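Protein chains: 2
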Amino acid sequence: MTSSNLTSRTAWQGRSWRLRVDSLLLPDGSSVEKGIIEHPGSVVLVPLRDTDNGPEVLMLRQYRLALDSHILELPAGTRGWTEDPLACAQRELREETGFRADNFEDLGCCWPAPGLSNETMTIYLATSLQSDPLPQDSDEIIVVQPVLLKELIGMALDGRLHDAKSIIGILRTDQFLRESI
Amino acid sequence: MTSSNLTSRTAWQGRSWRLRVDSLLLPDGSSVEKGIIEHPGSVVLVPLRDTDNGPEVLMLRQYRLALDSHILELPAGTRGWTEDPLACAQRELREETGFRADNFEDLGCCWPAPGLSNETMTIYLATSLQSDPLPQDSDEIIVVQPVLLKELIGMALDGRLHDAKSIIGILRTDQFLRESI
Chain A
1 MTSSNLTSRT
11 AWQGRSWRLR
21 VDSLLLPDGS
31 SVEKGIIEHP
41 GSVVLVPLRD
51 TDNGPEVLML
61 RQYRLALDSH
71 ILELPAGTRG
81 WTEDPLACAQ
91 RELREETGFR
101 ADNFEDLGCC
111 WPAPGLSNET
121 MTIYLATSLQ
131 SDPLPQDSDE
141 IIVVQPVLLK
151 ELIGMALDGR
161 LHDAKSIIGI
171 LRTDQFLRES
181 I
Chain B
1 MTSSNLTSRT
11 AWQGRSWRLR
21 VDSLLLPDGS
31 SVEKGIIEHP
41 GSVVLVPLRD
51 TDNGPEVLML
61 RQYRLALDSH
71 ILELPAGTRG
81 WTEDPLACAQ
91 RELREETGFR
101 ADNFEDLGCC
111 WPAPGLSNET
121 MTIYLATSLQ
131 SDPLPQDSDE
141 IIVVQPVLLK
151 ELIGMALDGR
161 LHDAKSIIGI
171 LRTDQFLRES
181 I
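Protein chains in written order, with my numbering: chain A, 1 to 181; chain B, 1 to 181.
Just chain A, with the same shape it has in the complex (with noise of 0.2 Å):
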């Protein structure tokens, strides 16, 4: 270790995540603060159907505050701290593009930064797509916007698609597909 925690205080507390703040003692007897996103984790969806072109993901066309712009992105959402990843899984899918799955594949975890969060994302590959909405979040802007699959590998491979969750989740995706042909 090249440093030790000396303090720990909650800075601000979000309806989902907080910041803590930790103090850090340096070796040359120094201190530096530490800001830690304590983060209860979320999910992330590709939600894939079939056409006569190929597959197609339901991807969103939502406002990001931080950016302050619509991005395109895959459905996901923050669990409640002691939410079940499937069952937030299956919420947020209805929420989010109204439709539900009846089929959940398990791609793995990510990290989206572990530089400044402990967040973990579970990516779900979700099929068997039918029509079962929940009311979206108030404070949500969301529309769907379905992609062929095969246009958003080009996209998450060339840098033209930037969301890190959506990139790894097609990209798996894709490797799922061709493992189980």
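Because the hints were derived from the structure by calculation, they are not lab data. Please note that a few of the clues may not be correct.
[Claimed, not checked] List of simulated lysine to aspartate or glutamate pairs, DMTMM-like, C-alpha gap at most 20 Å:
id	chain 1	residue 1	chain 2	residue 2
1	A	Lys34	B	Asp68
2	A	Lys150	A	Asp174
3	A	Lys34	B	Asp139
4	A	Lys150	B	Glu179
5	A	Lys34	B	Glu38
6	A	Lys34	A	Asp22
7	B	Lys150	A	Glu179
8	B	Lys34	A	Glu38
9	A	Lys34	B	Glu140
10	A	Lys150	B	Asp174
11	A	Lys150	A	Glu56
12	A	Lys34	B	Asp137
13	B	Lys34	A	Asp137
14	B	Lys34	A	Glu140
15	B	Lys34	A	Asp139
16	B	Lys34	A	Asp68
17	B	Lys150	A	Asp174
18	A	Lys150	A	Asp52
19	B	Lys150	B	Asp52
20	B	Lys150	B	Glu179
[What the hints assert, rightly or not] Residues from chain B shown here face chain A by an in silico Cβ test under 7 Å; the list is partial:
id	residue
21	Ala11
22	Leu67
23	Ile167
Keep in mind it's a predicted model, so treat the numbers as computed, not measured. By construction, the Cβ of each residue, glycine as well, lies at the ideal position given by its N, Cα and C atoms.
On the provided structure of chain A, position chain B as indicated by the hints.
For chain B alone, coordinates are given in the frame of chain A:
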């Protein structure tokens, strides 16, 4: 729009990023606080060199306070607020791996966590490596761990590699090398 911004304040200012808290008015007349990480952006490096067994990547095994564990990840670093991405990339590569690169290939950007942060990561493939170390940051605990690219591609796709920026950097490198043949 389903909400409008009432007030905005800086709730915490760290060395490299700050937490902004916005108070939002919802359509039902209630208000809610939303936390946004204001971040200067970062760079991610894929330092690649040839071996008799195929190309290998200089990965890091690094302690991450947020996860309280040592994780496998690509070299990366936060930019200064006015720092040029490529200058930051060269500096971080030398600090974290002890090598400089003569060639940098831009593999595009990604947003690690657009739901709560405006951070943009710029990913570079770094080749023609030569020993040229800079001192490591005093609060970082890093060991260089070379791993074959082929092995990392498998880990990124099957879920054994968890760090989002590393998954994306490795898979875009694979695509870049395929197109360069």
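Violations among the numbered hints, reported as their numbers in ascending order: none
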